[in-house]
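Please build the complete structure, drawing on both the sequences and the hints.
Chains as they are written, first to last, in the numbering used here: chain A, -14 to 217; chain B, 83 to 300.
Keep in mind the hints are simulated off the structure, nothing from the lab.
Predicted, not measured: the structure shown is a model, and the values here were computed from it.
Hints should not be assumed to be uniformly reliable.
Derived DEER-like restraints, expressed as beta-carbon distance ranges [stated by the list, open to error]: (1) A/148 - B/94: 25 to 31 Å; (2) B/160 - A/16: 37 to 43 Å; (3) B/162 - A/-6: 22 to 28 Å; (4) B/222 - A/115: 41 to 47 Å; (5) B/109 - A/62: 33 to 39 Å; (6) A/115 - B/89: 36 to 42 Å; (7) B/127 - A/90: 27 to 33 Å; (8) B/262 - A/116: 39 to 45 Å; (9) A/28 - B/84: 34 to 40 Å; (10) B/197 - A/161: 26 to 32 Å; (11) A/28 - B/212: 35 to 41 Å; (12) A/30 - B/86: 31 to 37 Å.
To list a few chain A residues with every Cβ distance to chain B over 12 Å, as calculated [as the list claims (entries may be wrong)]: (13) 4; (14) 29; (15) 67; (16) 68; (17) 87; (18) 116; (19) 119; (20) 140; (21) 190; (22) 192.
Glycine included, each C-beta is placed from N, C-alpha and C at the ideal position.
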Amino acid sequence: MSAVIDYAPLLWQGLLTTILVAVLSGALCLVVAFAAGLARLSSHRLISWPAGIFIEVFRGTSLLVQMFWLFFALPFFGIQLHPLTAAVLALGLNEGAYAAEVVRGAIASRAKGQTEACIALGMEPALRLRRIIIPQSIPAMLPPFGNVMVDLLKNTSLVSLVTVADLTFRAQMIRSTTGQTTAIFLTILVAYFALSYLLTLLTGWLERRFALDRRALAAQRKESRLMKVGAA
Amino acid sequence: MIWDSNFAVSVFPLLLEGLWVTIQITLLGTLLAAVLGLFFAVLRRLAIPVLSPVVSFFVVFVRGTPLLVQAYCAFFVLPAYGVSFDAFTTGVVVIGVNYSAYMAEVYRSGIQGVPSGQWEAATALSLPGVRTWGRIILPQAVRTVVPMLGNYLIQMFKDSAVLSAITVVELMATAQAIGSSNFRYLEPLTMAAMLFLAISYPASRLVNRLERRYAPQH
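Set out below in structure tokens:
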């Protein structure tokens, strides 16, 4: 355990780097998700096809391959990215491609009557999307978005392989200098678990906050609780 | 010319060998995950004091921590306690256990989907527990979750690249080794990406079709 205490400041810095990478790539992921997801829904082929290719390529290949490609192969085109930039780009684009499918699915499954009502009221497509369709789709997007974000958080550990000094990187460093493998790795496992648990709590709160009909949701939860009590 | 076709052609057979290892890891890992996940799901459902909550916590914990760190744990921590396998076996076990936690959830939803009348009928016929599970519940539960297991198979195929970090020589590690020994990363990494895509894209289309065919009909 002594190694963990001695090297606590280093681990703390690693944790902060992990959080920084997660926040930056999470933000990128959201932007990519809405851009690609909405483009995929477009009726213009010139817009929807590139989005489709982007989504399938980034979902179809490994995140690690993408990260290494940005870090090692891009310099052959004369572009040398900072490790942190390459890591954030790869994570944001990869998870963004998954989240784009969430956006697409949630919007495509909206009731058609809403779109028709908008057209009947003479709303322009952009206004329709911004004021009616997207706000209605957010509650359906939140649970799968939560899963994507937890995935993203766990995948930040891969940035250690392109030399970003995150929690995993620091742990490896401390392991090779002190040899106290068990204590170090158990500590960071618990740290990652705590972070992903916090994220789950946050998503749960957001889901309740943005529920379409909060009273109906509350009633539903009460009912399921009663059913659980009855079953036990 | 940035892309060197001759070099690309010369290293392609090596990459195919790596791809074969990746496929082996995926198949063995999925097998392990499917069996272990079923085991976990049944243990949780049986509500055995102490054991079931422990299994539940294990499943949640595995799902909440990164695969890479789990792999490091198995690779660096276990040998300190005298348990050591070669990298390939460790990789298969780590990825299998990791995915078993996800599959346990899938099975759980399948088991919950079996109508309660089936349980009642089994009780009414006073079938022993083993036969209730083995002949009545699981055959119905597993059928509905097969396509979802297919999705995890594809996911595992892509995730197995992480195991290159614990020196398993699969597709990703091969591409990286070729890159570092020839100082040319562009061709091996691009081809590795294309190989991943060439398998996972058709496979996911296939699973989508299976999903539609096996969708519960109401």
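Right, here's what the structure says about each hint:
1. A/148 - B/94: 25 to 31 Å: Since the Cβ atoms of residue 148 of chain A and residue 94 of chain B sit about 28 Å apart, the hinted range of 25 to 31 Å holds.
2. B/160 - A/16: 37 to 43 Å: holds, 41 Å
3. B/162 - A/-6: 22 to 28 Å: holds, 25 Å
4. B/222 - A/115: 41 to 47 Å: holds, 46 Å
5. B/109 - A/62: 33 to 39 Å: holds, 36 Å
6. A/115 - B/89: 36 to 42 Å: violated, 50 Å
7. B/127 - A/90: 27 to 33 Å: Roughly 30 Å apart at Cβ, these two residues keep to the hinted range, so it holds.
8. B/262 - A/116: 39 to 45 Å: Because 53 Å falls outside the window, the suggested range is violated.
9. A/28 - B/84: 34 to 40 Å: Holds: the Cβ-Cβ distance is about 37 Å, inside 34 to 40 Å.
10. B/197 - A/161: 26 to 32 Å: violated, 56 Å
11. A/28 - B/212: 35 to 41 Å: violated, 56 Å
12. A/30 - B/86: 31 to 37 Å: holds, 34 Å
13. 4: holds, 14 Å
14. 29: holds, 24 Å
15. 67: holds, 17 Å
16. 68: The assertion about residue 68 of chain A holds, with a minimum of 15 Å to chain B.
17. 87: The claim stands: residue 87 of chain A keeps its Cβ more than 12 Å from every Cβ of chain B (closest is about 15 Å).
18. 116: The claim stands: residue 116 of chain A keeps its Cβ more than 12 Å from every Cβ of chain B (closest is about 33 Å).
19. 119: holds, 26 Å
20. 140: Check fails; 7 Å does not lie beyond 12 Å.
21. 190: Fine: 18 Å to the nearest Cβ keeps residue 190 of chain A off the interface.
22. 192: Check passes; 18 Å lies beyond 12 Å.
Violated hints, in rising order: 6, 8, 10, 11, 20; the structure is consistent with all others.
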